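Engineer: Each chain, written out:
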Amino acid sequence: MGLRFEHAFTIKARPEKVWAYLTDPYRVAPALPGAAITEKTGEGTWNGTITVKVGPVAAKYKGTVRFESMDEAARTATIVARGQDLSGRGGADLKMESRLSEKTPGETEVAMASDVNVTGIMAQFGRGLVQDVSNQMFQKFTEAVRAELERPDEAPAEAPPAAAPPVAGAPVSAPAPTSTAPAPSAPGAPSVAPTTVSGSTLTASPSPSVPSAPARAPAPPIEVFSFGGQILARAAGRMMRRPLFWIVVAAAAALIYRLSR
Amino acid sequence: MIPASFEYHAPTSLPEAIGLLGKLGQAGEEAKILSGGQSLLPLLKLRFARPGHLIDINRIPGLDYLKEEGGVLRMGALVREAALETSPIVRAKYQILIDTAAVIADPLVRNQATVCGNLAHGDPANDHPATMLAIGADVVATGPKGARTIPVKQFFTAVFTTALEANEVLTEIRIPAPPPGSGGAYVKLERKVGDFATAGAAAFLVIGGGVIEAAGIGLTNLGPTPIKATDAEQFLKGKKPDAATFAEAAKRAAAATAPNPDRRGSVEYKQNMARVLTQRALARAAQRAAGGP
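Chains as they are written, first to last, in the numbering used here: chain A, 1 to 261; chain B, 1 to 293.
Next comes chain A alone, as it looks inside the complex (with noise of 0.2 Å):
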């Protein structure tokens, strides 16, 4: 069954960051009720799956997300998705393109059209459920990004990629606690909450919300190879750009060589 979908919203952010947020499947993901990522495959491609839950009825698709294209300085994308059911009911492909415009200074405006061909399980509630539902999930979906874009920033865009500490704001709150819920852990979420999104699953992305450049590629301090391990490393890795941090060391550092004196 052929669908197609107009959807449009506004969010009181700057098109760079509504722009670096949305390229990103790995933040993208978890604004969509019952959606992660699960592993990069290539260069702008990325394996992921989605349960889609109405009522009593689940579906779960396992699939592929790819960039078709992307122009950064029209901002505009073209995404394709395909998944098939995992109970071997069907599928959906997906074909969406989405442009970002800047309204007003501060405020974007995201355009997506999408064409959808969904077979199976779902296809059989027909059109007007499929529509009812879309619509539904996309409400979630721009909740969601509102939620985490619309935030102050926490630094400033401009701060320099070094290790260069943020400044003056306050620290994040302790990124150790929410670090812990690695991104391919979610589908085990999804899969049976309702078509609610988990607005804590955002940590789930290895970067929180300071400028993505800086953050995306931490230099862990420690090479270790345990998956618990990379996490406790972008952890310690955060915490090391702390300006906090280094007074707490310095501070019991001179009270240690003063008692033991």
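Heads up, none of these hints are tricks.
Estimated spans, in silico, between C-beta atoms of each pair:
(1) A:R151 <-> B:E7: 41 to 47 Å
(2) B:K23 <-> A:L86: 22 to 28 Å
(3) A:E43 <-> B:N272: 51 to 57 Å
(4) B:D242 <-> A:D93: 52 to 58 Å
(5) A:F5 <-> B:R263: 21 to 27 Å
(6) B:M1 <-> A:D93: 24 to 30 Å
(7) A:D93 <-> B:Y8: 34 to 40 Å
(8) A:E72 <-> B:M1: 46 to 52 Å
(9) B:G146 <-> A:E43: 50 to 56 Å
(10) B:G52 <-> A:E72: 43 to 49 Å
(11) B:G52 <-> A:E43: 37 to 43 Å
(12) B:A244 <-> A:D93: 48 to 54 Å
(13) A:G106 <-> B:A102: 57 to 63 Å
By construction, these hints were calculated from the structure, which means they are not laboratory data.
These figures come from a predicted structure and were not determined experimentally.
Quick reminder that beta carbons are idealized off the backbone N, C-alpha and C, glycines included.
Following the hints, complete the assembly by docking chain B onto the known chain A.
Structural biologist: Structure of chain B alone, referenced to chain A:
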């Protein structure tokens, strides 16, 4: 087809059932409550839904009460549609419920199907939601922390989705006893006996001093959720209950619908039927308010 395999639980008390819901939910398992099963089991048999667990509440005693007390008709989770049809209180005072029950599926289904289940399932094509919206009922949801009352107008939140939490059971429906000078009716258009509604309209009117004091209109299968036609209801307040008023109210009710086109009809057809049925339901409700059949 037959359902995909599931674990079957038959608790003998409500706390046990709620405990199971909570425990299974926390373990990430999907569990559904089985009462009449007349909406749920077809989904399982077609394998549209594959809950890993069914919690059968039919063995819990004391859930099938249907009684009027303190000016409220209270019905428990296991009141069957057939019980409504044979109850003397309902036949005497709540004709709108008789209207609704009588057009649900067929007698075999009505012997098993429960009124609470009809609401909890969340299907916009079910008939009782529109009636409950028109008469201003409340539902009681019982969870691990106790019971909470939800007005029915806040109960249907999205397609197939209700305000019930995953660990709650819909245990009671509360309907305020109709005041003197009131009447209600439910009219349904179906392609064949027992079908889902092409369109369905429930109307409830309180008429006093020759004018409509209060009105409730609920619509079936004309949108992603059962629809409360608030614009039409507001319009009716204070007006005389005559044909012209009902015609205008029916137009407004139809304008509140967003039907999906399907084999039952196109959007235009369904909206027109919504208008016609609302008009008929209002006329019937006014007739009953005046003491007629």
